[in-house]
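Asks: As a plain string of letters, each chain reads:
Number of protein chains: 4
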Amino acid sequence: MSTNDDRLVQSDDPDHPANLIPSLCAKFWTLGWVTGTGGGASIRDDEHVFIAPSGVQKELMKPSDLYVLSLPETLEKHRAAATGGDGPIRPSSRVYVRSPSRFKPSQCTPLFLSAFTRRGARCCIHTHSAHAVLVTLILEQAGASEFRINNIEQIKGFARGYPHAEVGNLGYHDTLRIPVIENTAHEEDLTEFLEEAMDRYPDAYAVLVRRHGVYVWGNSVEQAKGQCESLDYLFQIAVEMKKLGIPWESDIKPTVPKNSLKGQ
Amino acid sequence: MSTNDDRLVQSDDPDHPANLIPSLCAKFWTLGWVTGTGGGASIRDDEHVFIAPSGVQKELMKPSDLYVLSLPETLEKHRAAATGGDGPIRPSSRVYVRSPSRFKPSQCTPLFLSAFTRRGARCCIHTHSAHAVLVTLILEQAGASEFRINNIEQIKGFARGYPHAEVGNLGYHDTLRIPVIENTAHEEDLTEFLEEAMDRYPDAYAVLVRRHGVYVWGNSVEQAKGQCESLDYLFQIAVEMKKLGIPWESDIKPTVPKNSLKGQ
Amino acid sequence: MSTNDDRLVQSDDPDHPANLIPSLCAKFWTLGWVTGTGGGASIRDDEHVFIAPSGVQKELMKPSDLYVLSLPETLEKHRAAATGGDGPIRPSSRVYVRSPSRFKPSQCTPLFLSAFTRRGARCCIHTHSAHAVLVTLILEQAGASEFRINNIEQIKGFARGYPHAEVGNLGYHDTLRIPVIENTAHEEDLTEFLEEAMDRYPDAYAVLVRRHGVYVWGNSVEQAKGQCESLDYLFQIAVEMKKLGIPWESDIKPTVPKNSLKGQ
Amino acid sequence: MSTNDDRLVQSDDPDHPANLIPSLCAKFWTLGWVTGTGGGASIRDDEHVFIAPSGVQKELMKPSDLYVLSLPETLEKHRAAATGGDGPIRPSSRVYVRSPSRFKPSQCTPLFLSAFTRRGARCCIHTHSAHAVLVTLILEQAGASEFRINNIEQIKGFARGYPHAEVGNLGYHDTLRIPVIENTAHEEDLTEFLEEAMDRYPDAYAVLVRRHGVYVWGNSVEQAKGQCESLDYLFQIAVEMKKLGIPWESDIKPTVPKNSLKGQ
Numbered sequence: 001m002s003t004n005d006d007r008l009v010q011s012d013d014p015d016h017p018a019n020l021i022p023s024l025c026a027k028f029w030t031l032g033w034v035t036g037t038g039g040g041a042s043i044r045d046d047e048h049v050f051i052a053p054s055g056v057q058k059e060l061m062k063p064s065d066l067y068v069l070s071l072p073e074t075l076e077k078h079r080a081a082a083t084g085g086d087g088p089i090r091p092s093s094r095v096y097v098r099s100p101s102r103f104k105p106s107q108c109t110p111l112f113l114s115a116f117t118r119r120g121a122r123c124c125i126h127t128h129s130a131h132a133v134l135v136t137l138i139l140e141q142a143g144a145s146e147f148r149i150n151n152i153e154q155i156k157g158f159a160r161g162y163p164h165a166e167v168g169n170l171g172y173h174d175t176l177r178i179p180v181i182e183n184t185a186h187e188e189d190l191t192e193f194l195e196e197a198m199d200r201y202p203d204a205y206a207v208l209v210r211r212h213g214v215y216v217w218g219n220s221v222e223q224a225k226g227q228c229e230s231l232d233y234l235f236q237i238a239v240e241m242k243k244l245g246i247p248w249e250s251d252i253k254p255t256v257p258k259n260s261l262k263g264q
Numbered sequence: 001m002s003t004n005d006d007r008l009v010q011s012d013d014p015d016h017p018a019n020l021i022p023s024l025c026a027k028f029w030t031l032g033w034v035t036g037t038g039g040g041a042s043i044r045d046d047e048h049v050f051i052a053p054s055g056v057q058k059e060l061m062k063p064s065d066l067y068v069l070s071l072p073e074t075l076e077k078h079r080a081a082a083t084g085g086d087g088p089i090r091p092s093s094r095v096y097v098r099s100p101s102r103f104k105p106s107q108c109t110p111l112f113l114s115a116f117t118r119r120g121a122r123c124c125i126h127t128h129s130a131h132a133v134l135v136t137l138i139l140e141q142a143g144a145s146e147f148r149i150n151n152i153e154q155i156k157g158f159a160r161g162y163p164h165a166e167v168g169n170l171g172y173h174d175t176l177r178i179p180v181i182e183n184t185a186h187e188e189d190l191t192e193f194l195e196e197a198m199d200r201y202p203d204a205y206a207v208l209v210r211r212h213g214v215y216v217w218g219n220s221v222e223q224a225k226g227q228c229e230s231l232d233y234l235f236q237i238a239v240e241m242k243k244l245g246i247p248w249e250s251d252i253k254p255t256v257p258k259n260s261l262k263g264q
Numbered sequence: 001m002s003t004n005d006d007r008l009v010q011s012d013d014p015d016h017p018a019n020l021i022p023s024l025c026a027k028f029w030t031l032g033w034v035t036g037t038g039g040g041a042s043i044r045d046d047e048h049v050f051i052a053p054s055g056v057q058k059e060l061m062k063p064s065d066l067y068v069l070s071l072p073e074t075l076e077k078h079r080a081a082a083t084g085g086d087g088p089i090r091p092s093s094r095v096y097v098r099s100p101s102r103f104k105p106s107q108c109t110p111l112f113l114s115a116f117t118r119r120g121a122r123c124c125i126h127t128h129s130a131h132a133v134l135v136t137l138i139l140e141q142a143g144a145s146e147f148r149i150n151n152i153e154q155i156k157g158f159a160r161g162y163p164h165a166e167v168g169n170l171g172y173h174d175t176l177r178i179p180v181i182e183n184t185a186h187e188e189d190l191t192e193f194l195e196e197a198m199d200r201y202p203d204a205y206a207v208l209v210r211r212h213g214v215y216v217w218g219n220s221v222e223q224a225k226g227q228c229e230s231l232d233y234l235f236q237i238a239v240e241m242k243k244l245g246i247p248w249e250s251d252i253k254p255t256v257p258k259n260s261l262k263g264q
Numbered sequence: 001m002s003t004n005d006d007r008l009v010q011s012d013d014p015d016h017p018a019n020l021i022p023s024l025c026a027k028f029w030t031l032g033w034v035t036g037t038g039g040g041a042s043i044r045d046d047e048h049v050f051i052a053p054s055g056v057q058k059e060l061m062k063p064s065d066l067y068v069l070s071l072p073e074t075l076e077k078h079r080a081a082a083t084g085g086d087g088p089i090r091p092s093s094r095v096y097v098r099s100p101s102r103f104k105p106s107q108c109t110p111l112f113l114s115a116f117t118r119r120g121a122r123c124c125i126h127t128h129s130a131h132a133v134l135v136t137l138i139l140e141q142a143g144a145s146e147f148r149i150n151n152i153e154q155i156k157g158f159a160r161g162y163p164h165a166e167v168g169n170l171g172y173h174d175t176l177r178i179p180v181i182e183n184t185a186h187e188e189d190l191t192e193f194l195e196e197a198m199d200r201y202p203d204a205y206a207v208l209v210r211r212h213g214v215y216v217w218g219n220s221v222e223q224a225k226g227q228c229e230s231l232d233y234l235f236q237i238a239v240e241m242k243k244l245g246i247p248w249e250s251d252i253k254p255t256v257p258k259n260s261l262k263g264q
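Residue numbers (UniProt numbering), protein chains in the order written: chain B, 1 to 264; chain G, 1 to 264; chain D, 1 to 264; chain W, 1 to 264.
This is chain B alone, in the form it adopts within the complex (with noise of 0.2 Å):
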């Protein structure tokens, strides 16, 4: 297959992943996830990886800028790697099967990968956002390297995590753990450390980078921009319950009616 195979790029479904990621990182730009050129976004099917290329503005991202990686081949070498290989994952092992000329490919593509073998996801989105930045220095601040907040009701917009994938979202009173990684002088640095944390904290959907954003994957696209979208309110709200002197974390009794609705 040629590495210029502008096939893979086109379609008349909107929901195609060529589509799907240029109208995705549009809103996402909207948000200020991705000013500057930064961040970015990706999604696989089952064949292929659809990855925004490096240096790309993002908010005028054409299907035709994206690199298409071929996943099977990459799949199979992080497998062996995985369980005891030649140990970690090497640029070298991504094929692509569509390079546009114009770009580079995106120093994300390590750590997006990491999100498809590791945790089998369909999308990983990678934002800049400043709210995530401004947790990580908050935090930096008390020598922590976890964000921890509990009983604000958009917990519930994220999944429980692979190993209870079964169980569902977390509940209102669940406490969601982020963990944080420290920033690399070089992004695909950070794909060991993703791991690390990924192999640490087995439940996690998102990954905050310290000085840097944060990385959110799903096992659906619209589960990967839910929760991107559910932690940035979250970040956006801790940081400024910090500025009014509010604690992220608190013990609350649940509150239960006398006639629960709740099952029937």
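One or more hints might be untrue.
[Claimed, not checked] Taking CB as the label site, the calculated pair distances span:
| no. | chain 1 | residue 1 | chain 2 | residue 2 | range |
| --- | --- | --- | --- | --- | --- |
| 1 | W | Tyr201 | B | Gly161 | 46 to 52 Å |
| 2 | D | Ser64 | B | Gly168 | 48 to 54 Å |
| 3 | W | Val167 | B | Lys253 | 55 to 61 Å |
These are computed hints drawn from the structure, not numbers from a lab.
Note that the structure is a prediction, hence the values are computed from the model and not measured.
Here a beta-carbon is modelled for each residue, glycine too, at the ideal position from N, C-alpha and C.
Please arrange chains G, D and W on chain B, whose structure you already have, making use of the hints.
Replies: Only chains G, D and W this time, still in chain B's reference frame:
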């Protein structure tokens, strides 16, 4: 009638509930009120109740995504319960005349129905607005379960409430009072507390839910939307007032011109 | 002339007042200036005054929603009153040449007319901007009834006022002074105080209303809109300056280059 | 050539400077960067410089509103002056090949030309962003004339500057330094100080103007826009960091993975 009668949500009239709910929710998404599939909206006409489903991306919702309930029967059962019937209304009393296969019913459904049956509302909006959540957190710190603000012009955007429906809207010097109910683990369980708050505050067109958001209703779609906008604006200003050390209530002597123009 | 002459609001020219008011108000809605049907705008041409009605959703307004007043007669009555006639202008002096049946006249009407008759303005905008309201609250805490700011570039966006119309705009080092009038229970009652403020501040193109918002006018639609934007920007910065402990006025020595380019 | 040659601003190519400047400015307006006709943008191609006029509503600008200057002659005169010619560049050296009758030339013109002639820039953007102004105010309180920030990922959005053009962009641990020049009463008088700052900061792609805004340029439109977005994002975070008591510079030890992926 089929439970999937698509004609119920097909209309060329942009003011038909099946068209209005998607256009309103898309607008609310840009305001940050229904982020991450949270929040929702419902409109009733004389026969039916139209409700946004659970888990839908609110800015992308289509008329075909909507649930439709038959109101008369629901109303009758509610009426029976309200007059000392067989206890609180249970989800089993909901009669869906249209159920989209892709989605699940909104957990907000019994709360929307309370606004329709107890208050005769025509539209009910539920937002997760960060401003609303922050106001409930600030009140929690003060041990308060009521939001009170006065002497802000936008207060005039609120009706005086059902018993005083003829009297028009609140005045500038009036104190707007919005009850805060505690959040429950399951959204449907809020119904009992929402209805209690409605009983305690017969004037209120809105109820705040601690660490969750707000429910706002109105005698028309325009009124519900207008009050929801006015309230969010007041919440936004209230959070800023808190940061600036300015109290929400004040004792301001009315300013009267020498030659009042009023009433001429 | 019929009081419902639709031709007055029908034009293919996007710059016709009947088209400009809806497009401006839709823009202002996105800025949060006319939320919840609050605020408004009015434009006059040589013969007529066009005014957004009361209670309309500003982002959805249509040309057919507008009121039209006959200006000559209104002007004449105002002129008589201003020259020691029979007291303050009363609503009865308004002559509507077009009244949409769906709405009520805006309570802002006499205030807009003051800008047209006392200042010869062509456009007057009224916003409930949260920034404006917060500035009046900050000033109230300091017991002040005048907003003053200097040494911010955007101050140049303001004209010097009517007596100095030939002199052009304010300079960077000039102090912008905007009077604050106290809010009244009935918006029409503001008229007397607005006109008093106009008399005391012959230079002003805007008046703040405590806990309410701001009125801004201009010799053209472009000027009114530009000044309204510049003022809101200054209010926004002023609120942030207050939070950061930076005074609004400062004594800054002019910076002059060795070889000034000015005036060549 | 006529001074009103409309063909200079007529093109079907959306990437033509005459089309790009209006589309960029409309976008910047939504970001609050060019509110109240403030700010502006300029693009040069090999022959001409295209500049937004003074006093135009930036979100409504049309290609026909643009000024066009002949670059070769302007460049030559600048070059002569730079090599010890007859003193600073004066406005008289500007040769307009297209002057729209409705507007006046932008006072930013000599500043844009400095970016083009001294730095070989292809695009220069001037914003009045509130974040930029607040950063200069915070620095003023500290008696500082340089904005410095490090260890924030978005710093990578900046090129290393002209002498190091081959080296690529700044790294995560590098300190971004943006000079602050004092504002002058007349915008054109900033030119001398802007050029001095360019000389003192040969690496800089931007200069802050105290209490006024920022000038940002780039070797392409994409680079100028991307750097302007990245810088505004950093200013926004810097203001929030100040409110939260977090310093803009920190001494962070690089995090290095056991098996760095970089460079493979």
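Asks: Each hint needs a verdict: does it hold in this structure or not?
Replies: Checked hints:
1. W:Tyr201 - B:Gly161: 46 to 52 Å: holds (48 Å)
2. D:Ser64 - B:Gly168: 48 to 54 Å: holds (50 Å)
3. W:Val167 - B:Lys253: 55 to 61 Å: Between Val167 (chain W) and Lys253 (chain B), where Cβ atoms are some 59 Å apart, the hint holds.
Of the numbered hints listed earlier, not one is contradicted by the structure.
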